[in-house]
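Given chain X's structure and the hints, the job is docking chain W onto it.
Protein chains: 2
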Amino acid sequence: MTEAALTGHSIIAGTRVPGNGASISAVDPRTGETFGPEYSLLVTEQLKSATEAAARAARTYRETDPEARAAFLDLIASKLEDLRLQITARLQAETGLPEARANGELSRTTGQLRMFAQVVRDGVFHGVRLDAGDQDRTPLPKPDLRQRRIALGPVAVFGASNFPLAFSVAGGDTASALAAGCPVIVKAHNAHPGLSEIVGSAITEAVAECGLDAGVFSLIYGPGAQIGQALVADPVVKAVGFTGSRGAGTALMEVAAARQVPIPVYAEMSAINPVIVLPGALSSEGLASAFVTSLMGSSGQLCTAPGVVFVPRSEAGDSFVTEVKELISAQPGQTMLTPSIAKALKDGVDRVGGSNNVELLSAGVEGPNENAPRPMVFETSAETFATNEQVREEIFGAASLIVRFGTLDDLEASLEKMEGQLTATFQLTEADAAGAARLLPLLEEKAGRILVNGWPTGVEVGNAVIHGGPYPATSDSRSTSVGSAAIDRFLRPVAYQDFPEFLQPAPVRDNNPWNLKLRLIEGQPRLS
Amino acid sequence: MTEAALTGHSIIAGTRVPGNGASISAVDPRTGETFGPEYSLLVTEQLKSATEAAARAARTYRETDPEARAAFLDLIASKLEDLRLQITARLQAETGLPEARANGELSRTTGQLRMFAQVVRDGVFHGVRLDAGDQDRTPLPKPDLRQRRIALGPVAVFGASNFPLAFSVAGGDTASALAAGCPVIVKAHNAHPGLSEIVGSAITEAVAECGLDAGVFSLIYGPGAQIGQALVADPVVKAVGFTGSRGAGTALMEVAAARQVPIPVYAEMSAINPVIVLPGALSSEGLASAFVTSLMGSSGQLCTAPGVVFVPRSEAGDSFVTEVKELISAQPGQTMLTPSIAKALKDGVDRVGGSNNVELLSAGVEGPNENAPRPMVFETSAETFATNEQVREEIFGAASLIVRFGTLDDLEASLEKMEGQLTATFQLTEADAAGAARLLPLLEEKAGRILVNGWPTGVEVGNAVIHGGPYPATSDSRSTSVGSAAIDRFLRPVAYQDFPEFLQPAPVRDNNPWNLKLRLIEGQPRLS
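These protein sequences, in sequence, are chains X and W.
The numbering of the first sequence is the working numbering, which starts it at 1 and goes up by one.
The numbering of the second sequence is the working numbering, which starts it at 1 and goes up by one.
I should point out that these hints are in silico values taken from the structure, not numbers from a laboratory.
Heads up, the beta-carbon is just placed ideally off N, CA and C, and yes, glycines get one too.
Straight-line Cα separation of at most 30 Å, DSBU-like style, residue types lysine-lysine; simulated pairs:
{"id": "1", "chain 1": "W", "residue 1": "446", "chain 2": "W", "residue 2": "417"}
{"id": "2", "chain 1": "X", "residue 1": "517", "chain 2": "W", "residue 2": "142"}
{"id": "3", "chain 1": "X", "residue 1": "325", "chain 2": "X", "residue 2": "346"}
{"id": "4", "chain 1": "W", "residue 1": "142", "chain 2": "X", "residue 2": "446"}
{"id": "5", "chain 1": "X", "residue 1": "446", "chain 2": "W", "residue 2": "48"}
{"id": "6", "chain 1": "X", "residue 1": "142", "chain 2": "X", "residue 2": "517"}
{"id": "7", "chain 1": "X", "residue 1": "343", "chain 2": "X", "residue 2": "417"}
{"id": "8", "chain 1": "W", "residue 1": "417", "chain 2": "W", "residue 2": "343"}
{"id": "9", "chain 1": "W", "residue 1": "446", "chain 2": "X", "residue 2": "142"}
{"id": "10", "chain 1": "W", "residue 1": "417", "chain 2": "X", "residue 2": "48"}
{"id": "11", "chain 1": "X", "residue 1": "346", "chain 2": "X", "residue 2": "417"}
{"id": "12", "chain 1": "X", "residue 1": "346", "chain 2": "X", "residue 2": "446"}
{"id": "13", "chain 1": "W", "residue 1": "417", "chain 2": "W", "residue 2": "346"}
{"id": "14", "chain 1": "W", "residue 1": "325", "chain 2": "W", "residue 2": "346"}
{"id": "15", "chain 1": "X", "residue 1": "446", "chain 2": "X", "residue 2": "417"}
{"id": "16", "chain 1": "X", "residue 1": "343", "chain 2": "X", "residue 2": "325"}
{"id": "17", "chain 1": "X", "residue 1": "517", "chain 2": "W", "residue 2": "446"}
{"id": "18", "chain 1": "W", "residue 1": "417", "chain 2": "W", "residue 2": "325"}
{"id": "19", "chain 1": "W", "residue 1": "346", "chain 2": "W", "residue 2": "446"}
{"id": "20", "chain 1": "W", "residue 1": "517", "chain 2": "X", "residue 2": "446"}
{"id": "21", "chain 1": "X", "residue 1": "142", "chain 2": "W", "residue 2": "517"}
{"id": "22", "chain 1": "X", "residue 1": "417", "chain 2": "W", "residue 2": "48"}
{"id": "23", "chain 1": "W", "residue 1": "325", "chain 2": "W", "residue 2": "343"}
{"id": "24", "chain 1": "X", "residue 1": "325", "chain 2": "X", "residue 2": "417"}
{"id": "25", "chain 1": "W", "residue 1": "446", "chain 2": "X", "residue 2": "48"}
{"id": "26", "chain 1": "X", "residue 1": "517", "chain 2": "W", "residue 2": "517"}
Each pair of labels, with its calculated beta carbon distance range:
{"id": "27", "chain 1": "W", "residue 1": "357", "chain 2": "X", "residue 2": "393", "range": "57 to 63 Å"}
{"id": "28", "chain 1": "X", "residue 1": "417", "chain 2": "W", "residue 2": "78", "range": "41 to 47 Å"}
{"id": "29", "chain 1": "W", "residue 1": "141", "chain 2": "X", "residue 2": "316", "range": "24 to 30 Å"}
{"id": "30", "chain 1": "W", "residue 1": "347", "chain 2": "X", "residue 2": "67", "range": "51 to 57 Å"}
{"id": "31", "chain 1": "W", "residue 1": "85", "chain 2": "X", "residue 2": "393", "range": "55 to 61 Å"}
{"id": "32", "chain 1": "X", "residue 1": "3", "chain 2": "W", "residue 2": "140", "range": "28 to 34 Å"}
{"id": "33", "chain 1": "X", "residue 1": "208", "chain 2": "W", "residue 2": "141", "range": "36 to 42 Å"}
{"id": "34", "chain 1": "W", "residue 1": "65", "chain 2": "X", "residue 2": "326", "range": "44 to 50 Å"}
Calculated from the model, a selection of chain W residues having no Cβ within reach of chain X, i.e. all distances over 10 Å:
{"id": "35", "residue": "38"}
{"id": "36", "residue": "190"}
{"id": "37", "residue": "319"}
{"id": "38", "residue": "369"}
One chain only, chain X, in its complex shape (with noise of 0.2 Å):
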């Protein structure tokens, strides 16, 4: 298959289904013009026969053998990677994003689903634990005790409109979800509908050609939080994944400990990723550039994308200052997502702009295609700040605030009024060690991950990458989206008590079938 047919409807465990509700079409932001197929949305009612389906794929889905899952996460990175011209040629269209960005996106998917597939021939996420029983031992027999970690069950997975591939339908949440032994219904995001459904296929394709129960996928279209929040609140559901805005997700956070059986919800909503310049780093060359790069790629719209940076009140600072007001003056806009997202993006800067003690340093040009506002450059006191919430809220897209500090007192307080964070970053050189040690801590309370000399934007997709951080960057700061230990949310420890061998699961079986690479033996790490 080099193309996928695109129906307009919903993919409910393997069989396409009309919806009963309105229709969408997806617009193209360049031009604001909508194009087909219509997508037909379901009613709420609707939703039943994918949780059902789920609900009966979880038990044989959660038990497959390593190298059935392993090679069914490879088939949908192949069945992509097949698709590629169709895909990226429908996400450049769908969201305005450059050809680049959507082939590297789509490579960063494949790439992801086959690190999973890894992941889940090494074994280790299993987390087996062995402690051998002993018969003799007074005043009490000890048990023998074997631990392992199963499934969740059906995880809910929705996709963001700013990584249409790498955090959507076959995105982190849903690759970590079908390694754990998850079946996973992706609610569409409604700004992508077409490459959404090409996405879809794919992976429904890779179900059936893997022998799988067809409920393990499903991919629905529905009007966002009306059908999204009805989703999480089914019973089937044992986990959400969710990359997106801070209000949508902290409604779902709601929505899933009102249930009668509360259930994790991992949402990465909202962050501006502080960059703090130290004064020996004013020297390096290339800093404001860098700085307007990171700003600039994917028109600011990365959730790692730098919405604050400290820099010091200073001739050298001020340098700096001068140097990013004239680069941001040249740089024309490029075309957001969607026009209600290049809409919020004006709100978030009158906001900003508008407030006491801040002013505009630079404004970039409109940008030749539709919804292509001008990048937009602020500048304030660390006093203002500090003291001014309004300020320190995330605004989407390419505009950020310069927060000049005089002392490192005054950084300190400023940092210290931040929300958690995804990222936060250091610019310094050896000179200014000790300022870095002494904020360090602070940072690590903040922050999921933290950088030094780089730029937050660009995630490595790796094994020690964190993509998380506390509320409300996420709303669970134990957890990463991105990265190999992101397939540690969708699992639970469950422990095995003088189990006879023949009821026991494989990984905690003396012999180690699967060839685990890592268990726990008697508290011991040991390999295999």
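Showing chain W alone in chain X's frame:
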């Protein structure tokens, strides 16, 4: 020190602080008599001194090196051993639990502290992951990424009345939080105030002797729900450990979810711990007496007491039931922990006993002391169990329900209706293998620990145990409150990108200065 002074006051960061509220006294449940000293209760406004001290201590304490932190845990254990005579005497007077139980629970508690000292020395819990950078990678250089887990911050611990040592001031929640590097604020259980002060004074001395910040530990007395909810609402508190009733646990979950920054609550609440007798097991010797022993242990006041036993509707099943009936009728009631718990037991048996199609199978005799109600066992059908929610609710104490089933289908339908459980148990022989294999996936979804041919009471403290389970057994099925994995509850990951060596925290340095036994390097587990 072989005896701790009882002052009747809270211990806030090393200082005795009289409460500005009412006072309470211990009650000997065997006689109903109160005894001294009086304990002064804090008012909510007095909490701040404890939370502020914990906040101040958090940053230095979380970076203590393994040996310093392990020595602290070991010292608490040896101080508790030194106080053994005072502890066991006070425990019996405040709870009515027998001497053997007091001694056993103290040994379990000190063993738990020493186990966590070993966990700290091994260092696996740091969860270190290292991915090397590659400046030459195209199209983009690969960053150097290093991940570790850091302590969440101050933890509020709520002890249980039924484990006045092992799940109280120096119990599993405290030990695992301290091992993780979190300061702890314990809300003393008002049912064992003197015992709490003895244990709290031992921890306080250990903090001082180890040269730690006094804010690492506080023990507060206050009116239960009110001060507890205020503690959970305090912005300084970053996680909660709780063992107790479903009502109280759920209330804390709601407070935590409603905070400006929500925090995790690890509440262990409610279970009926089903035991499933499969047909082959009915020929086992001593099955009925083993059940009665498990039920009567600690007067049935164990979280894992067998509250429901599924028995085949057969002649052999009838014989088992008759045997239980005779054994129970000879059982004297044992003193319960408090008058109100004894009263709640009466309410529970009235609720179940008054349900349609439920019959009292057998009742024991009143115990010789106060608050020692008659043990009771009821009998009903699988159909009634499946259709009447009331009979599926926990009765805390020596009361249980035998549920007779005809076919495996009936049994499965009953089990499907159960809420989440701490444990589930099979009684089986190899002849029952097919039935057990069929039911196992359902039990895995319902319970945290599954036993074969044992009884669920008597939780082994080790590395592979799980004391947890789906809601309402606990608030978070991804965790355990017993065993070495309990430390994972109080940690969150942080990634360090392109950090120069002088800023790298010890656990993530290439040379592994803390000699952590396991690190994930390029995605592969590596031992040291």
